[in-house]
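Here are the chains, one letter per residue:
2 protein chains.
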Amino acid sequence: MPTTPDGKPLVFNLFNNGTGHHEASWRLAGSRPLANLDIEYFERLAQLAESVMFDSVFLADHVALEGVSRRPSGRLDPLTVLTAVARATSRIGLIATASTSYNDPFNVARRFASLDLISGGRVGWNIVTTPGDASARNFGLDAQASHLERYQRAEEFLAVTQKLWDSWEDDAVVADREAGVWADESKIHAIDHRGRFFSVRGPLNTPRSPQGHPVLVQAGSSEDGKDFAARHAEAVFTAQHTLADGKAFYADLKRRVKLAGRDPEGVKILPGIVPVLGSTEAQARELDAELDELVLAESGRDRLARQLGLDPARLPLDRQLPDDLPTEDDIEGDKSRFTLIVELARREKLTVRQLVGRLGSGRGHRTFAGTPEQVADTIQAWAREGAADGFNIMPAILPSGFELFVEHVVPILRKRGLIRSDYEGTTLREHYGLPRPPSRYATPSGASAGDAGSGSE
Amino acid sequence: MPTTPDGKPLVFNLFNNGTGHHEASWRLAGSRPLANLDIEYFERLAQLAESVMFDSVFLADHVALEGVSRRPSGRLDPLTVLTAVARATSRIGLIATASTSYNDPFNVARRFASLDLISGGRVGWNIVTTPGDASARNFGLDAQASHLERYQRAEEFLAVTQKLWDSWEDDAVVADREAGVWADESKIHAIDHRGRFFSVRGPLNTPRSPQGHPVLVQAGSSEDGKDFAARHAEAVFTAQHTLADGKAFYADLKRRVKLAGRDPEGVKILPGIVPVLGSTEAQARELDAELDELVLAESGRDRLARQLGLDPARLPLDRQLPDDLPTEDDIEGDKSRFTLIVELARREKLTVRQLVGRLGSGRGHRTFAGTPEQVADTIQAWAREGAADGFNIMPAILPSGFELFVEHVVPILRKRGLIRSDYEGTTLREHYGLPRPPSRYATPSGASAGDAGSGSE
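Chains as they are written, first to last, in the numbering used here: chain E, 1 to 457; chain B, 1 to 457.
Don't read these hints as lab results, they were simulated from the structure.
Treat the hints with care, as some may be off.
No copy labels: a pair is met if it fits in one copy or bridges any two.
[What the hints assert, rightly or not] Pairs of lysine to any residue, SDA-like flavour, derived with a Cα cap of 25 Å:
id: 1; residue 1: 8; residue 2: 244
id: 2; residue 1: 8; residue 2: 425
id: 3; residue 1: 349; residue 2: 282
id: 4; residue 1: 8; residue 2: 377
id: 5; residue 1: 187; residue 2: 302
id: 6; residue 1: 187; residue 2: 301
id: 7; residue 1: 8; residue 2: 142
Take the sequences, apply the hints, and build the full model.
Here is the structure:
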């Protein structure tokens with residue numbers, strides 16, 4: 001097979017989800033059910049991904065505990081984990097989830113800047129608005145804000161963090177011992193932000209980090225989410241089940257990016273793939289089926305009910321979804337996950353039991369059971385057909401699923417020129433091929449002093 | 001000299017403040033003016049402290065930038081730094097400052113629990129209410145809340161974090177693959193906190209950490225601060241300039257602890273000492289004077305004016321402080337620092353210029369210039385006389401001042417039995433000799449189910 005049209009390697013991200021992306025992965029013999037709490041485990045998996053030149057590792061997050069009894073649920077703070085991982089690796093990018101609904105922009109800007117400094121410019125921020133009332137109730141609210149309001153807050157939250165990251169120009173620190181001048185105050189700027197959600201004077205109390213801004217990642221596929229991504233994201237994680245859907249999403253998002261006045265090349269679209277590997281296709285499918293059987297139907301049904309906004313009693317296990325479901329418009333939680341689940345169930349006419357098994361498998365993402373050659377083929381096909389700039393690799397079982405991927409899939413990808421054979425840069429921006437943003441306050445950059453001084457939204 | 005009366009080693013904490021505690025330390029030839037941003041520097045100093053069995057290292061924090069031009073000011077987030085340090089060390093305790101005024105309790109509880117898990121139980125939290133309008137303006141306020149209100153918020157903030165740390169019982173995670181039961185939900189508790197400042201449902205989404213609760217540290221010496229310490233602190237950092245003052249503070253605080261119904265042994269009082277070491281006393285004093293001369297009088301005066309709540313124009317450099325100063329009651333910022341500065345100036349009849357030099361030296365703490373033998377003597381004297389359970393070692397110059405301390409002072413302390421010769425435990429609680437708190441929700445612990453279930457303040 002030929003390499004991709006432009007001959008450039010694809011982006012590869014490892015989604016480390018503890019024992020694996022399949023909900024039942026922790027129930028297999030030999031699993032590590034405490035993986036989520038084991039810092040050495042995170043370090044070793046990142047080192048393995050770095051050994052084959054992956055671009056990045058990614059950690060998801062929640063700020064509430066749900067369904068804890070049935071699967072590994074307690075988790076460490078992702079930025080804390082990735083700080084340890086940063087010191088155990090030297091090149092691979094580190095993407096952490098942080099919520100715009102339940103943080104202050106000053107704290108988030110500072111934590112990401114700190115890790116970007118510590119890691120030599122390898123940090124990305126997966127921006128989430130955090131659906132769900134359970135999270136809201138841990139932060140002083142009785143229920144979550146509406147989907148629209150959460151995105152409005154996210155918009156302003158991001159604007160504030162970007163101003164804070166710009167508040168020190170690159171050459172603000174002079175460290176002149178003789179003169180007793182540590183920093184040039186004319187290059188450190190108050191941001192004087194006053195908006196609907198936030199008032200932040202600034203400057204940040206951490207100097208500008210190697211990447212200027214951490215790489216901005218986004219994963220919501222609702223209309224609000226896609227528009228937010230079009231305006232701001234530099235990488236997009238997305239759940240697409242068919243090549244046709246993947247191509248449509250890719251074309252739609254790149255079009256929105258262009259409409260937003262940005263370079264479509266500056267946004268990397270990374271569909272999730274949950275590889276289940278076997279030496280033969282039959283063996284892979286058998287493993288997949290074994291995992292699906294380990295999913296506990298009742299607890300999966302309870303989660304499904306939450307996602308669909310229904311009483312669990314309305315979902316008998318051996319019937320299909322009821323006809324009178326709410327629409328995406330009624331959902332204030334994760335709109336895109338709602339639609340994806342409903343479309344999957346309707347398209348394949350799945351019973352609730354079957355649907356729960358399928359969702360346990362990919363948790364909404366695309367499971368692909370096959371041989372290493374078949375996995376490499378589908379990766380190549382999606383890239384060639386215009387459905388992906390790279391992939392979010394979410395092994396069903398960890399670490400073994402990723403060890404198999406490294407051993408058997410990566411050599412095929414490398415032979416086809418689909419994955420880099422060495423890091424060319426040192427920062428995540430360089431790995432992803434993204435420009436480094438200048439400080440808006442830097443006078444020689446073209447921004448007029450008047451623009452730079454105005455901090456209000 | 002004999003060892004301390006009870007023959008137990010003292011507590012030793014290293015305060016790593018970048019280039020050193022003296023404000024002018026960064027201006028010395030050979031200094032590392034970017035030390036505050038250099039993660040390897042933090043790791044190496046902690047390793048050095050661990051090599052001589054120090055109990056802990058400590059990082060201060062601010063959430064605003066002031067006086068940036070004249071001294072190293074940009075700093076990394078302390079918990080981020082200590083996560084890296086945790087992975088570069090194995091025994092030493094790690095104490096990070098975090099503000100109760102500008103954080104959410106859920107996030108703080110989770111970050112400390114995460115680092116406690118990662119470090120094997122070595123974390124302490126220096127609880128600060130963060131004085132100053134500059135910080136408030138980075139978090140949506142036009143001015144800081146009153147001193148009293150900040151402490152009221154701190155009280156409730158701490159109560160919420162402690163409930164969250166208790167929300168998982170120690171044996172909540174069962175990880176039974178066969179049965180498909182990861183956790184025993186009857187051992188994971190909502191906290192249902194509803195108070196004046198916070199509503200938090202819980203539980204935390206991170207399991208209970210090795211120490212149960214991180215060690216609680218406090219440093220304010222105002223009346224509100226001392227009462228807060230008496231109720232909650234397990235270690236207290238304090239600035240005391242004379243042995244008489246140190247004894248009075250020690251006796252007063254231990255008395256308050258007893259009045260609060262706690263064991264005075266459960267609160268370790270650690271005065272700060274800023275050692276300036278020389279082979280002879282004269283050499284040490286010379287180095288101290290050299291440092292004081294490097295302090296830039298005007299910028300020091302500006303900071304002094306902020307601390308005293310005055311216009312800088314009211315502080316001519318070669319006059320003493322004006323007679324008509326505000327009183328501690330008028331100060332909404334750092335009350336205890338205000339009083340300490342005014343008393344020092346009045347007691348020694350210092351001009352503003354001299355005062356600025358002295359404050360640059362210790363930044364309010366006690367500078368002690370002398371030989372290694374003299375430093376060991378004063379440490380021993382304060383402990384024997386009932387002014388200290390240990391010391392917060394704040395070298396005027398880093399790393400050299402601490403290297404000299406390790407090489408020349410520690411062997412004397414060890415010979416006198418004042419510092420341990422090996423770690424006996426693995427957690428910070430064990431190093432400090434503090435009990436591990438049980439979860440309030442654990443039924444066999446003696447707390448009645450009725451008490452455990454009630455989460456309201």
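* Asked: Under a CA distance limit of 25 Å, which applies to residue 187 and residue 302: within one copy, between copies, both, or neither?
  -> Close across copies (20 Å), not inside one copy (54 Å); limit 25 Å.
* Identical-chain pair category, residue 349 with residue 282, by Cα at 25 Å -> Within one copy only: 23 Å inside a chain, 89 Å across chains, cut-off 25 Å.
* Asked: For the identical chains here, do residue 187 and residue 301 meet the 25 Å Cα criterion within one copy, between copies, both, or neither?
  -> between (56 Å within a copy, 23 Å between copies)
* Asked: Which holds for residue 8 with residue 142 at a C-alpha limit of 25 Å: within a copy, between copies, both or neither?
  -> Intra 49 Å, inter 51 Å, cutoff 25 Å: neither.
* To do: Can you give me the call for residue 8 and residue 425, within, between, both or neither, at a CA distance of at most 25 Å?
  => Answer is within; shortest intra-copy Cα gap is 15 Å, inter-copy 54 Å.
* Between copies, within a copy, both or neither: which fits residue 8 and residue 244 at Cα up to 25 Å? -> within (23 Å within a copy, 73 Å between copies)
* **Alpha-carbon proximity context of residue 8 and residue 377, limit 25 Å** => Result: close within a single copy only, 16 Å intra versus 68 Å inter.
Violated hint: 7 only; the structure is consistent with all others.
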